[in-house]
Amino acid sequence: MNALRNVTFAAGIALAPVDAGGAEPLEWRALADERAVIRIADAIDRAVDAQDWKLARSYFADRVTADFSSLSGQPAATIASDDLIGTWAANLKGSKTSLHLRTNHQVAIDGESAIVLSNGYAWNRMEGNGDPLWEVWGTYEHHLVRSSAGWKVDGFTFRMTHERGNPLVKATPGH
Numbered sequence: 001m002n003a004l005r006n007v008t009f010a011a012g013i014a015l016a017p018v019d020a021g022g023a024e025p026l027e028w029r030a031l032a033d034e035r036a037v038i039r040i041a042d043a044i045d046r047a048v049d050a051q052d053w054k055l056a057r058s059y060f061a062d063r064v065t066a067d068f069s070s071l072s073g074q075p076a077a078t079i080a081s082d083d084l085i086g087t088w089a090a091n092l093k094g095s096k097t098s099l100h101l102r103t104n105h106q107v108a109i110d111g112e113s114a115i116v117l118s119n120g121y122a123w124n125r126m127e128g129n130g131d132p133l134w135e136v137w138g139t140y141e142h143h144l145v146r147s148s149a150g151w152k153v154d155g156f157t158f159r160m161t162h163e164r165g166n167p168l169v170k171a172t173p174g175h
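Reminder that position 120 of the sequence shown reads as 120 in my numbering, one-by-one numbering, no gaps.
Note that these hints are calculated values from the structure, not bench results.
Remember, it's a predicted structure, so these values are computed and weren't measured experimentally.
A portion of the hints provided could be inaccurate.
Said to hold, decoys possible - Quick list of in silico lysine to any residue cross-link-like pairs, SDA-like style, CA-CA up to 25 Å: (1) Lys152 x Ala30; (2) Lys152 x Ser95; (3) Lys93 x Gly174; (4) Lys93 x Asp131.
Produce the entire structure from the sequences given, and follow the hints as far as they go.
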């Protein structure tokens, strides 16, 4: 019975499609890199929601091209990552809380760079301006480069598809 199970497993592997829906050939290094870049995209959200700005900053290269134009109306800009984190920290503090969720990651790795595409949802909550919630849905694109310190985000785009709730919560910094 064990031999039959092993032969069946081996046959399944041998007959499996080489291209499983667009995935790269699965090698241990490729799997480790894919997991690492997904972990970083997700970890940024957790650090922001915990208002752990030092940890959030640790996932970025020194400079980042940030594009939140669909959300803010401002064009994409290449800025110091310290400035990006400082802006987030000034907005999401104290009485203002956030929750970021991300799913359906697609990863493309090309040598020393990677792109992570994902769907995202976020809300901000803050009392004192009427309805305490503002929510947004959209897609994220993280661009990462491999450095001596590991993978670092050097590009970050959010493309809003829908928002609802109180725009004052979005626009008003916590205190």
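Here is what the structure says about each hint:
| no. | hint | in the structure |
| --- | --- | --- |
| 1 | Lys152 x Ala30 | holds (17 Å) |
| 2 | Lys152 x Ser95 | violated (30 Å) |
| 3 | Lys93 x Gly174 | holds (5 Å) |
| 4 | Lys93 x Asp131 | holds (18 Å) |
Hint violations for this structure: number 2 only, all remaining hints satisfied.
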